[in-house]
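**Student:** Protein chains in written order, with our numbering: chain A, 1 to 107; chain B, 108 to 435; chain C, 436 to 604.
One thing to keep in mind: the hints can contain errors.
What the hints assert, rightly or not - Covered by chain C, according to a simulated footprint, are these stretches of chain A (three or more residues, beta-carbon under 8 angstroms):
#1 44-50
#2 58-71
To be verified - Just a few of them, taken from the derived set where beta-carbon distance is under 8 angstroms, the chain C residues facing chain A:
#3 Ala453
#4 Met480
#5 Leu481
#6 Ala491
#7 Ser539
#8 Arg545
#9 Asp567
#10 Ala569
#11 Thr573
#12 Ser588
#13 Arg591
#14 Gln593
#15 Trp602
Bear in mind the hints are in silico, worked out from the structure with no lab data behind them. Glycine is no exception: its CB is placed at the ideal position from the N, C-alpha and C atoms.
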Amino acid sequence: MGFLISIALLFLMLIVSQATLVGQTTAEGVLEFPKHEIRDFRSEVIRSVHLETTNDIREDLRLLSLKRNHAVVSVETSELWVEDRQVTMVMIRYNNGVTVYEETLLV
Amino acid sequence: MVTIDFLVGFTIFISAFIIVVAMVPHPLFAVQSARIDYDAVAYRTGVILVEDPGMPTSPDFPAWERQMDPGDVIRMGLAVERGSPHILSPAKVDRFFDTGFFTYPDDYQRSLIFGDYPYSFHITLSHRDDRWSVGPAPPDQFGVVRRVVTVKETSSLIRDGNVHHEFHLPENLTGDQRLTIGIPCATLIDPAVDPLFRIDPRIDPLQIEVRNIREYLNVTGNEAVVLDEIRIARQGITIPFAAYTLDIDEDEAVSLDDTLQTSRTVPGNLTFTLHPVPNPPWRQADTIDITFIFSDNPDGADHRVVIYDYNNATIPRAEPGILEVAVW
Amino acid sequence: MVVQDDATLYTIEGVAAALLMIATATIVFQAISIYTPGDTHIDDMLLEQLGADALAVMDMPRGQGEKTLLEEVVQEWRPDIFDATFSPLLRERSFGAEDPIQYSAEISYRIGDGVESVTFSDPPGYVATGRDPAVRVTRWVQIHPGHSLPIPSTGRSQAVLLEVILWRG
Numbered sequence: 001m002g003f004l005i006s007i008a009l010l011f012l013m014l015i016v017s018q019a020t021l022v023g024q025t026t027a028e029g030v031l032e033f034p035k036h037e038i039r040d041f042r043s044e045v046i047r048s049v050h051l052e053t054t055n056d057i058r059e060d061l062r063l064l065s066l067k068r069n070h071a072v073v074s075v076e077t078s079e080l081w082v083e084d085r086q087v088t089m090v091m092i093r094y095n096n097g098v099t100v101y102e103e104t105l106l107v
Numbered sequence: 108m109v110t111i112d113f114l115v116g117f118t119i120f121i122s123a124f125i126i127v128v129a130m131v132p133h134p135l136f137a138v139q140s141a142r143i144d145y146d147a148v149a150y151r152t153g154v155i156l157v158e159d160p161g162m163p164t165s166p167d168f169p170a171w172e173r174q175m176d177p178g179d180v181i182r183m184g185l186a187v188e189r190g191s192p193h194i195l196s197p198a199k200v201d202r203f204f205d206t207g208f209f210t211y212p213d214d215y216q217r218s219l220i221f222g223d224y225p226y227s228f229h230i231t232l233s234h235r236d237d238r239w240s241v242g243p244a245p246p247d248q249f250g251v252v253r254r255v256v257t258v259k260e261t262s263s264l265i266r267d268g269n270v271h272h273e274f275h276l277p278e279n280l281t282g283d284q285r286l287t288i289g290i291p292c293a294t295l296i297d298p299a300v301d302p303l304f305r306i307d308p309r310i311d312p313l314q315i316e317v318r319n320i321r322e323y324l325n326v327t328g329n330e331a332v333v334l335d336e337i338r339i340a341r342q343g344i345t346i347p348f349a350a351y352t353l354d355i356d357e358d359e360a361v362s363l364d365d366t367l368q369t370s371r372t373v374p375g376n377l378t379f380t381l382h383p384v385p386n387p388p389w390r391q392a393d394t395i396d397i398t399f400i401f402s403d404n405p406d407g408a409d410h411r412v413v414i415y416d417y418n419n420a421t422i423p424r425a426e427p428g429i430l431e432v433a434v435w
Numbered sequence: 436m437v438v439q440d441d442a443t444l445y446t447i448e449g450v451a452a453a454l455l456m457i458a459t460a461t462i463v464f465q466a467i468s469i470y471t472p473g474d475t476h477i478d479d480m481l482l483e484q485l486g487a488d489a490l491a492v493m494d495m496p497r498g499q500g501e502k503t504l505l506e507e508v509v510q511e512w513r514p515d516i517f518d519a520t521f522s523p524l525l526r527e528r529s530f531g532a533e534d535p536i537q538y539s540a541e542i543s544y545r546i547g548d549g550v551e552s553v554t555f556s557d558p559p560g561y562v563a564t565g566r567d568p569a570v571r572v573t574r575w576v577q578i579h580p581g582h583s584l585p586i587p588s589t590g591r592s593q594a595v596l597l598e599v600i601l602w603r604g
């Protein structure tokens, strides 16, 4: 009986130890959400998609994000035909350790 | 010796006790602490005002500023549209700070502050030289948030008699004219245009100004320019639409939701503003035609069409403003 | 005596049951409360949001198809115009005196495989003590060939990062 009870107590202890961590990371994920950074990055990518030197600009964005913002970003584009217009499908990925953001848009 | 009935009884007792103890926090849930989060409530209110376009009860269109009843507004937000934060719509700003329409604090608490605790608040917007505010002055301890915003300006189409000469034809020397302003919604509602300068006839007011009308319509002598009728047509078919205002020489001739009943003389300038309505009759591909008839014989009058598009219409440069929300 | 043995056993049972109930109740209560870091970071978050807002509004186009104020100011290297526009947006307040926010701006750019930076605007009048908590806001700016920045010219359009550090002085 003591064995059963000690196993039950062990299980409850596991729950307690997780509770503190869950609260901390959930709240941190909300407080530290890089809303302005992501919005700014997204609008910069859209602005630079149609330029000629877009590959160089993408390398600028990648390296500066990594070294200065401590975020790993990746931008991929591909051309699509929708009805009779050509649109660019852009896939943006952003990861700064706490938040992971991914978006696909048509420009 | 541990007997089996002891074990069974003990297990049942402990399980029941754990269930009871687990139910204890539920009555404690209603205990709130309101004072620590003034800053958090202010921040949330600031985000709703600056980044959310708001929602009326019939969400065909986020144009809650044109609802007739304050109870029809679910959420008040001042942004122009969903994807453009920091750009405020002037119609929403005017309506939000209109304390004759919304009552402080009930309407604001229901559709902006949310929550059960009755927070008091003071919201101020300073833009250019204007300052709008709602709410009493805050006490010593309050939570405040400041947001920087920009207010979109109203677009206008200006026809000046000294500059534009559409009606100047040699045989045209009378006051019998018809001026039609064509508004192609499909050209104006273009997602490629920046939201700060986009003209959407469904949610933005449109302004048409005709200055120096005698020179514009090529009227000489002592003949007076008389505005007989204003016809508003959608896709070429005239519809009864009353949401407009007309100013003749800075005096209001026709007010909102009224129509031009009698002929009016126009000595110098004419300003016409078409206002958005909650359920606009225009669809995205429609063309709206506003015809000003300066003659009792419209079919015999000379007819000119001016298109209200991005080449002819202008939007002034937008200036930044500061929105402050204080909650206590 | 047998009765004494039973009594001891019952007592031990009672004590064990009581301890178990109390331990269970304590553990259950502790497992329900979730720890959230309270308002230790709210001030910093509000300051960061203010700076990011001000930069976002300065980065709006001045006319249809035109450049934004920030792009013009960086392209032509005018820290004085930047100061004249950015400072009032940060400082003006309706209740009470002006908010004493100081800032220092620099521009980071990519050169080859590395990243370098150059100071853009460092308004004088305040000596940093090193003890003021500061936040950092950034904004991407595009510059085009023919710019006046004191950085090596690459002959192509490039993206640079404008970083502004804000603190309450």
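**Student:** None of the hints should be skipped; say for each whether it holds.
**Tutor:** Right, here's what the structure says about each hint:
no., hint, verdict
1, 44-50, "holds (count 3)"
2, 58-71, "holds (count 8)"
3, Ala453, "14 angstroms, violated"
4, Met480, "6 angstroms, holds"
5, Leu481, "11 angstroms, violated"
6, Ala491, "7 angstroms, holds"
7, Ser539, "15 angstroms, violated"
8, Arg545, "5 angstroms, holds"
9, Asp567, "21 angstroms, violated"
10, Ala569, "15 angstroms, violated"
11, Thr573, "6 angstroms, holds"
12, Ser588, "14 angstroms, violated"
13, Arg591, "4 angstroms, holds"
14, Gln593, "5 angstroms, holds"
15, Trp602, "18 angstroms, violated"
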